[in-house]
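Enquirer: Chains X and E supply the protein sequences, listed in that same order. Going by this note's numbering, the letters in the first sequence line up with residues 1 to 307, in that order. Going by this note's numbering, the letters in the second sequence line up with residues 1 to 501, in that order.
Hints are computed from structural coordinates only; laboratory data are not their basis. Worth double-checking, as some hints may not be accurate.
[Stated by the list, open to error] Anything over 10 Å on all C-beta distances counts as not near chain E; from chain X, calculated: (1) Ala69; (2) Ser134; (3) Ser146.
[Unchecked claim] Here are the in silico distance ranges between beta carbons for each label pair: (4) X:Tyr14 / E:Val305: 45 to 53 Å; (5) E:Thr49 / X:Lys88: 25 to 33 Å; (6) E:Glu83 / X:Lys88: 26 to 34 Å; (7) E:Val464 / X:Asp16: 22 to 30 Å; (8) X:Glu172 / E:Val412: 56 to 64 Å.
These numbers come from a predicted model, not from an experiment. Glycine residues also receive a C-beta, built at the ideal position from the N, C-alpha and C atoms.
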Amino acid sequence: MSAAVELESVSKRYGDFRAVDGLSLSVPEGCIYGVLGPNGAGKTTTLRMILGVVEPSTGRVSVLGHGSAMSVRERVGYLPEEKGLYRKMKASAVIAYFATLKGMSRRQAELRARELLDRHGLGLFADVKTEALSKGMGQKVQVLASIAHDPDLVILDEPFSGLDPVNQGVLEEIVRDLKERGRTVLLSTHVMAHAERLCDRVVIISGGRSLFDGTLAEARRVVPAKVRIRTNDSLEPLQDLPMLRELRPLGDGRWEFELEEGADPQAVLEACFTNQVRLSHFSASEATLHDAFVRLVGPAAREASYR
Amino acid sequence: MRNALLIAWREFAENAKTRGFWFGILLFPMIWIIGAQVPAFLAKKGTPTRNFVLVDRTGRMSAVVEAALERDEKRRQGEAFREWASARLVPGGSLPPVKGEFDLGRALGEVRPMLRTNVGNFESPSPRFRRVEPPPGITTDGDLNVLEGDLRSWLREGRSYVPVDGKVPVSLFAAALILEGKSSNAAPILRFWSENQADTALREKIDNALSADFRLREYVRLGIDPKVVSRVENARAEVVNLSPRKAAGEERVGIADLLRQWAPSAFVYLLWVAVFSIAQMLLNSVIEEKSNRIIEVLLSSVTPVELMAGKLVGIAAVGLVMVGSWIGTLFLVGFWMAGSAASSGAAAGGASRLPLELMTLLGDSWILPAFGLYFLLGYVLYSAVILAIGSTCNTIKEAQNYMGVIVLLMMVPLVAMTFIPRDPNGPIATFLSWIPPYTPFVMMNRVTAGPPLRDVLGTLVLLVACDVLAIWACGRIFRAAVLRTGQPASISQMWRWVRGR
């Protein structure tokens, strides 16, 4: 599968400040790709460089096989982090306007705007000025404006911020629908739950550098899985098992193990069985993306907040 | 190109929907209507009848004052009648000249054949001043201090009362007390009490009546014929106003020449209002896109140059429509007034010829072409700067700090407008013409004065060069600043952007 977006050691400096520092990543076509990171990590700057709105100081950007997103702008859709619309324009007119800027004819764009609003339950608000819409509706209109021209690549900067859980769900639907139709979605967020539910791959950046780049399963493996058991037998026979990293007594015969990276919790169960350690409780928990994020970013993010 | 036009069209369409735009379109006709009609309307209807108490301690002067006020009132009624009648004349009809004191019955009889049928009745305007009896309980022949004290409280409290000779309650506007002069040969003294010190008409009328009467009696006493005095006082030197710039035989300076001197000032003002109001629109439009971050979406679709160009063209179109409508209104009103002045067959007096002269002047001078040219060049210069300012600020409030400075600088041509017409090719006017931000206004002001060709072309070249430079420099600031958030940029930061660092 070819890459929809590729960055090769891209940096962006503002004066002495390095917003992005030697970042490389590759977004495969047709996937949902998450850019994760704490506040000020360089997510927005990265997205802006991909869009061609900001020129990288060094490095190479490739979007849909072109050197600049501007030359394929009709095939790219963008939702910025801070949301806003022309307050005095009607919802359908706003969507149509942005679609015409992306190369659609005026007639086509107006039809498309109404169709999108109808499909997403805003048909009644097509002729309402955006200042009269609720925040959630306004944000929906903006999302629709970013996809009205049916782009191959959609870039969403913090799309979930400011939405209630119901509307977050609606937006997740829209994103999944894009993927089903073979589009590539690049989204940034610092809410791990969304990334976990949606993304195929994620990059975790902090301080402008990439800390992790891979699939969700790979990300989870960054943090060791944990196993909890309860037994009245001695744990002597288990001490030498190579997959155990740390053994912590929790009292009352309960123990917690941290496993080596990639170790299978089933192997622990098996070892207990063969060594005749009788268990009255066994549970294995896999790490979440949240755990991985905190482990990777935690020290840097805390440091950053004291800077 | 397509994108710039799309942006321009949106700017035009959205601004054309705003109240500000329509207010701007209607501004000029409104100012004209308000300026021309309202004072006349107010003078006719706005001022209520002023009731006053007249206490005459001399015993002779109340008759003099009342006679003078009566004459005035008659004249006022005569004017109102002529105005009423002139609007109801049959085609080709004209009013007879005024003779003697106005008398409604006689005037109606004279004019009736000239009027259309079914014109209704003439309603006399209510009198401006009416002498009323003093409030109850006030005796006018007692002690002066007591009398004034009583009148004073009535005036201050503005209480109304029904005078003994009337039926309707009145409240007092003033009390006038006429006392004997200090000596037997001195003029009488007028003590005028009123809460309203702004409306001086009544005081002046009483004053004039008393003074004229006193002077007349003095002349008689000194053995001088009052007729001689009046003839001498009315004699004037004969003045012929000539201009050396006009052809032989036509040197006489008329209203057209005054107009030629002062009309450009009106256009400078128009230019100033136009440039300013649309610069404000431009600022609002940039700040809106910047504050709600639409600018990011735009810049992911169009280049900064397309965005800037689209905005400039779109808002310029708004401005041109606005200015075009102003000038169109001017022409319409001018032709209408010229037409009505001609048809009513009024004497070729100054005021009625004014619109016709103005139309002629606009037709055969450089005023309109210069206005169009300087509007565009001035607009480009100021709007480029405003785009740059808008791009560095996040809110209108932040932008106001910079705008304050610009407004201050822009006051100069407005102030200069008052003296440049007196010396349009003098050193100050010439100096100001060569400062590019002022060139459009000052050169506009000099346009009918035949400025030297060196000034016209030189300042034009400088202005165009300055426009190009402003677009270039402000484009750089715009590109660097427009995505920034946080603090507005400092001047030194902007300078670094211009230098491309």
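Enquirer: Run every hint past the structure and note whether it holds.
Expert: How the hints compare with the structure:
1. Ala69: violated (7 Å)
2. Ser134: Label holds. Min Cβ-Cβ 16 Å, cutoff 10 Å.
3. Ser146: violated (7 Å)
4. X:Tyr14 / E:Val305: 45 to 53 Å: violated (22 Å)
5. E:Thr49 / X:Lys88: 25 to 33 Å: violated (50 Å)
6. E:Glu83 / X:Lys88: 26 to 34 Å: Because 47 Å falls outside the window, the suggested range is violated.
7. E:Val464 / X:Asp16: 22 to 30 Å: Since the Cβ atoms of E:Val464 and X:Asp16 sit about 40 Å apart, the hinted range of 22 to 30 Å is violated.
8. X:Glu172 / E:Val412: 56 to 64 Å: holds (60 Å)
Taken one by one, the earlier hints fail for this structure at numbers 1, 3, 4, 5, 6 and 7, listed in ascending order.
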